[in-house]
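Student: These are the residues of each chain, in order.
2 protein chains.
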Amino acid sequence: MNRGKTPLTIDATVLRDVLDGEWAEARRRMRDLTEDPSLHLPADGTLEELRAATTAGIAAVAESGLTRLPLSEGEGGSNSHAEYVAGFEELVAASPSLQIKAGVQFGLFGGAIMHLGNDEQHEKWLDDALSGRLLGSFAMTEIGHGSDVAEVATTATYDAEAQEFVIHTPFRAATKEYIGNAARDARAAVVFSQLITNGVNHGVHAFVVPVRDEAGSVVDGITIEDDGKKGGLLGVDNGRIAFDQVRVPRGNLLTRYGAVTADGEYSSPIDSPGRRFFTMLGTLVQGRVSLDGAAVVASKLALDIAVRYAHDRRQFTSTSPVEETRLIDYQRHQRRLMPLISQTYANAISHDTLLHTFDAVFSGADESGEERELLETQAAGFKALSTWDALDTIQESREACGGAGYMDENRLVGLYGDMDVYVTFEGDNTVLLQLVGKRLLTDYAKELKDIDFGGAARFIGAQAAEHTLFRTGVANIGRTIGDLVTTSVRSKRVRSGKVQEALLSDRVETMVASVAQALRPARSMSQADSAALFNKHQNELIEASIAYIELLKWQGLNTEMHRVEDEGRHPDEAKILRRIRDLYGLTLIEKHMGWHSMHGRLPMARARLIGPTIDSLCAKLAENSLDLVDSFGYGPAHRRSPIADGAEAKRQDEARAYYRAARARSDWPVDEKELRKRAARR
Amino acid sequence: MNRGKTPLTIDATVLRDVLDGEWAEARRRMRDLTEDPSLHLPADGTLEELRAATTAGIAAVAESGLTRLPLSEGEGGSNSHAEYVAGFEELVAASPSLQIKAGVQFGLFGGAIMHLGNDEQHEKWLDDALSGRLLGSFAMTEIGHGSDVAEVATTATYDAEAQEFVIHTPFRAATKEYIGNAARDARAAVVFSQLITNGVNHGVHAFVVPVRDEAGSVVDGITIEDDGKKGGLLGVDNGRIAFDQVRVPRGNLLTRYGAVTADGEYSSPIDSPGRRFFTMLGTLVQGRVSLDGAAVVASKLALDIAVRYAHDRRQFTSTSPVEETRLIDYQRHQRRLMPLISQTYANAISHDTLLHTFDAVFSGADESGEERELLETQAAGFKALSTWDALDTIQESREACGGAGYMDENRLVGLYGDMDVYVTFEGDNTVLLQLVGKRLLTDYAKELKDIDFGGAARFIGAQAAEHTLFRTGVANIGRTIGDLVTTSVRSKRVRSGKVQEALLSDRVETMVASVAQALRPARSMSQADSAALFNKHQNELIEASIAYIELLKWQGLNTEMHRVEDEGRHPDEAKILRRIRDLYGLTLIEKHMGWHSMHGRLPMARARLIGPTIDSLCAKLAENSLDLVDSFGYGPAHRRSPIADGAEAKRQDEARAYYRAARARSDWPVDEKELRKRAARR
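Chains E and L, in that order, are what the protein sequence lines are. Heads up, the first sequence is in full-length UniProt numbering, so the first residue is 1 and it goes up one at a time. Heads up, the second sequence is in full-length UniProt numbering, so the first residue is 1 and it goes up one at a time.
Only chain E is shown next, with the shape it has when bound in the complex (with noise of 0.2 angstroms):
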C-alpha cells in the first residue's frame, strides 16, 4: 500500500486498457492507421481540396476491412458491430471531417442498405457501398424537418403500371438537407419519403436513388446544391437534393420494414405504422454510439494538447525570482483541466458499456425489446452529454493555450469547429435528452402513458408511445439506497462513493417522481391542455435527463474502478482511479449543490467540504496529468499541435539558457528597480 504518496507511479498502458475498453484492439489498429499523413486534411487547402483529400480517405478505410466487420459470416464479415463502431471512432484522430464521410458512406448509406434491405439487395449495393466504390447519401432531413422526421413531406407514390417509385419533393421545404457526400460525390442515395400506394399512406419508408451517372452527372429531375461553408466539417461536400418526380424501380425499396407488391399491395411484418418507423430508425441507432464516441476521442486529443503545453508554458515568476511558474502548478489551471480529466474518463468508460448494450443487441445475442430500448436511452442520453462535453472540453483547452490555442495549426479551433455540429445533428440534444426523459417516466409510472395519447408523446416525438416496459432502473434506485443518504452523508468521509451514489441516484429519482406527478392531470385533458402541462414542465424533465444520465456515467466509472481495484495487480492505477471517479463523483455533487442543499439531501458543514476536497484531488491528479494523457494513447502524429510536441519546450530552454548566460556577463544591464531597491538600503 502505498497510501498518500504522491505523485503516484503510474503505468500509462494499464490505464490505456481501461479506456480503450473490450474492443482496444480495434481501436488501436485504427489509431495507427490515422497516423497516415496522406489521411490529414491539407493545412491550407481550399474547399475542394478539403473534400478531395477527405475523399481519398474513404477508400483508405475500407482497404482497412474495417467497413465489413458488422456483415454477417455468410456475408464475409465477422457479425462484429461494436469493434467495428469503435475503431471507426479513432477516425476522429485523422480528421473528424473523415469520420463524418465514412459514417455517411459506411455506417448510414451502407447501413440502411445492410439493415434495411433484403438479400437480393444486399448482393446488389452493398459491397460497392461498403468498398466505397458505390459513394452514397443518406438523405433523410430536410430543411423543413430534421429532429421530426416522421414528419419528412417527400413522397414515394408508387405507380403500379410502370412498377416504379415517384420520388417527389412538392415544395422548398421538403429539399433534403445537410446531406453528407451530396453535393459532390454520392452516385446514389438512400430517401426517406412517405410511402404512397392504393391511395394510402405507409409513413417513412427508404428507398435507393440514383443521383449521378457514372460520369457524375447529377441526373435527369433531380436538383442537388452544395451547402458551401459551413462551422467546421470542411472536407465534408454537404448539399441539398430535391426530386422533381423521379422514377425508380420498384425493386428500389429496401424491404426489410415495409414491401410492396408488382400491383401495388402494400405489407410489413410490424403493423403498428409508428412501430414500424421506430424500428426502422433503430436499426440506425449506430450513428448516434459512434458519435458518443468519436466525442471522447476529440475531448482526450484536446486535453492531450492542453496539459502537455501546460507542463512547458511558464509565465509570472511567482515562487521563484529567476523561474517562471508552470501553468499545471497553477490551482486555477488544474480547476479548469483536471474536471475534465475525469469526466472523459467517465465518458470513455460509460462509451464501452454502450458498445456492450449496442453489440448484443446488433449481433443478436440479446434481441430482447428490453435491450433494444436501452440501447436507445443510453445511446441518446450518452450522446447529448459527451457531445457538449467535448465542446466545453475542447473550448477550455483552447483558452488554456492562450493564443498559441487560437492558431490553426495547434488543431484546438479546427477540432471545435468541426465537433460543433455534433451537438445538434444525429439527434438535436435537446430532442434526444427529452426522449431520454420520457423514458424515464414511462418506466417510472406505467399509468402515465395514458398521457401519451393526449399530446405528450407527439412533443417529444412520439416515440415514447410505443414502448412501456424500459429498464432505467430508476425505480430501483430509490428503494436501495433510500438509507444511505440520511446516513452516510454525515459521516465524515466526503469521498464515500456510496455517498455519491446515493446523492446523485436520489436526485434523479426525486426528479423523475416530481415531474410525474406534476404531469398526472394531464391524462383527463385535451390535447392542446396536456401539451401546454407538459411544455410547463419540459425544462425539469430535461434536467432530469441529464441527471440520469450522469449517474449512469458515474456508476459506469465506478464499476470499472471497482474492478481495477479487486484485481489487485495495480494499486496505484486503482488510486488514481479512484481519485478520477471522486473528482467527477463531486464535481457533479458540487455543480447541482443548490438542489441537494434545496432538497436537504446535503448538510451545510458537509457541504463546504466538497470544493475543498475537489481542490485538493485536482492538484493530486496534476501531478500525474501527463500520465493521464498518456493512457489516451495518442502520439505526436495525433496531436499534430506544435505546442503540444515540444515547439514550447525548446523556446523556453533557449530562452533560460540565454538567462544564465547573461547573469554571469559582467556588462549585463542592472535593473532599474534594483539600483532604486540598493540606493534605499544605503
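Rather than coming from a laboratory, the hints here were simulated on the basis of the structure. Warning: the hint list may mix true and false statements.
For chains that are exact copies, the list does not tell them apart, and a pair is met inside one copy or across any two.
To be verified - Straight-line C-alpha distance at most 20 angstroms; calculated SDA-like pairs for lysine to any residue:
#1 Lys-591 / Glu-540
#2 Lys-229 / Asp-44
#3 Lys-650 / Phe-171
#4 Lys-591 / Ser-496
#5 Lys-677 / Ser-272
Got chain E sorted already, so can you dock chain L onto it with the hints?
Tutor: Just chain L now, with coordinates in the frame of chain E:
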C-alpha cells in the same frame, strides 16, 4: 397600470435608448455605416481577399471622422473618448475582423502614439496613423510572454555615439507574436522593449519602428512571419516580428513616461519603475473597454438571429394535430434564450457605466488615482465576463438554430470563431479576474498588502502592489445590507430587488473576507511559501472576482430599471425591464444556489421558488421577445442571416399552403394510421 398584462405593449425604441446609452448617437451613426456591403467580408474569400477587404474597411472607418474624436481640441478633436469607443464597438456588426483591425490601427498603434508620444511625435505620426495612411502594428506580446508583459525580452539598447536605439530579439521566444497588421500591411510598429542605457535596464518602453518601406518590402534586419489561419478574425493579418539589431533614431522612443538624452541619460516623471510600467499600460485600457462593448454587440446579433428564427421555425405537432409548434413556445427554448437576453441587457447597460468611468478619466474630468483604478478594475472584470458571455450566447444561439445555425451563411459560426480570441487577448480573462481579485483584497484589508512583497503580487502580475486605495465599495456593502439578508429573504417576494442585491453582495463580501483571512499568514512567509498559500486560494479568489463583477452588472441593470420606473413615462417598458432584472438576478442566484444554501443565506422553501419563478419570467419575456431583439437596433443588413429574415417563414408558408390545398383534395392519400384507427372503431 397594467399589472399582469402579457404580452406587454413595448415600444422597442424606448428600450433601444436604454441599451444604446449615453453615446447612442455615435453608436447609431456607426451602426448605419456597418450596413455598407463594402465593409462586409466576401462570403467565400481566400485569406488574402478577406484581408484586403478588411484593410479597405480601415479607410472607410477613418473617413467617418470617428478616429479623431479623442484628440484634444487643439489637435482637431473633441476630447471625446467614450463617444469614440462606443462608435467603434459597432464595427463588430460589419465584421469582428474590421473591429480588431481598426482597433490595432487606431486604438493601439495610433493610441500608443497619442498617449505615450510627445507633441513632436504627435506632429510627426499621429495624423497619418489616424487617417490610416500609415498602417501600423502594436508589437507588445511575445511568444514567450503574453500575460506577463513586464517580462518581454526584446531589448532597445541606446547607442549614444549614433544617437540611436538598437532593437533586438535575443531568442526565439522573444519574437513579437500574434501582431495584428504585421503579416501584410504595417509599415511601422510600436515596439515594446526593455530600454537599456548606460548599463541600466529601465524596463518596458515603446518605440516607433519602421518595418516596411513605401513599396511594402520588409526593412533590413526585420523578419516577419505570417500567423496564417486562425480560429477566426481571418481578415486580420496577424504575424510574428523579430528584430536583428535594428537601429532607430533616439526620437523614436515615445517619451511620455521615460526619455533619454542625447548622451544616454534616462529620466521619467514617475520614479517607481513598477508604477511607471503600469501607468503606461493604463493608458491602453481602452482596448479592454472596447472589447467589453464589442462582446455586447456580438451577443445582440446572435440573439437577434436565434430569436427571430425561433418565431418562424416550427417542429412537432404538439398542441394541434395540424399546426406545428413554434420553437419560441417550447419552455426549454425559452429557458435557453431568455436568460441570455437578460444577461445581454445587463452587460450593455453596465458597459455604459464603464464608458462613463473611461470618459471621466481620459477626458481629464476625473484624473484621480481612485477613478483610474476603478476604471482598470471594471474594464478587466467586465471584459472577462462579457466576452465569455458572448461565446456562450453565440453557441447557444447557434444550437438553437439547429443545422441551419451551423451553415456559414447564417452567420453564427463565423461570429463564434471571431469572438473566441476575445477571451484570451487584451488580457487573458483568468489573469484579468485575478487582477480584480487582488484589488478586492487590497481594498478589503489594507494590512494584506504586506504579502505583496512575499510573492502574491508577482503571482498576479505585480500590478496590485502599486495600489492601496481602491474603490470597490465592498466594505460598504456588507454594512448596509447586512440586515436584509436575514429578513427579506424570508419574505414571500422572491423577485424582491433588495433580496437579490443582498444575496449577491453578501456572497461577494463573505468570499473576499474568507480569502483575505486565509491569506493572512502569508505576511510572515518566504516568497515560495506565500506563493503556495496564495495558489491554494487562487480558485476561490477568482470566484470571488466573478461574484463581484456579477454584482456590479446587476446593480447597473437595477439602477437603469429604477431610472425608467421613476421617470414614469413608459410603464410597460419599465415593467419589462423589471422582468429582465429579475431574470438576471434570479439566474445568478440559481447558478450560485449551492453557495447561498451552504452558507445558510437561502431557506430551502424560498430556494425552491426560484426555479419556477425563472420559468415564469422566461415565458413572459418570450412573449415580448421580438420586441427585445428589436431593441438591439439591428436590421437585416446587420444580421445578414437568411434564417432570421424571412427564408424560414417563406418556406413554412409554402408548405402550409401545400397541405391546406392537399387536405381539400379528394384524391389526397389517407394515412395508414388513420385507416387503422377507423378499423379499430368499427
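Student: Should Lys-591 paired with Glu-540 be assigned to within, between, both, or neither, using CA atoms and 20 angstroms as the limit?
Tutor: both (16 angstroms within a copy, 15 angstroms between copies)
Student: Should Lys-650 paired with Phe-171 be assigned to within, between, both, or neither, using CA atoms and 20 angstroms as the limit?
Tutor: between (60 angstroms within a copy, 11 angstroms between copies)
Student: Is it within, between, both or neither when you check Lys-229 against Asp-44 at 20 angstroms Cα-Cα?
Tutor: both (15 angstroms within a copy, 8 angstroms between copies)
Student: Pop the pair Lys-677 and Ser-272 into one bin, within, between, both or neither, using alpha-carbon distances up to 20 angstroms.
Tutor: Between copies, since 11 angstroms is at most 20 angstroms while 88 angstroms is not.
Student: Quick one: Lys-591 to Ser-496, C-alpha cut-off 20 angstroms, is that within a copy, between copies, both, or neither?
Tutor: within (18 angstroms within a copy, 26 angstroms between copies)
Of the numbered hints stated above, none is contradicted by the structure.
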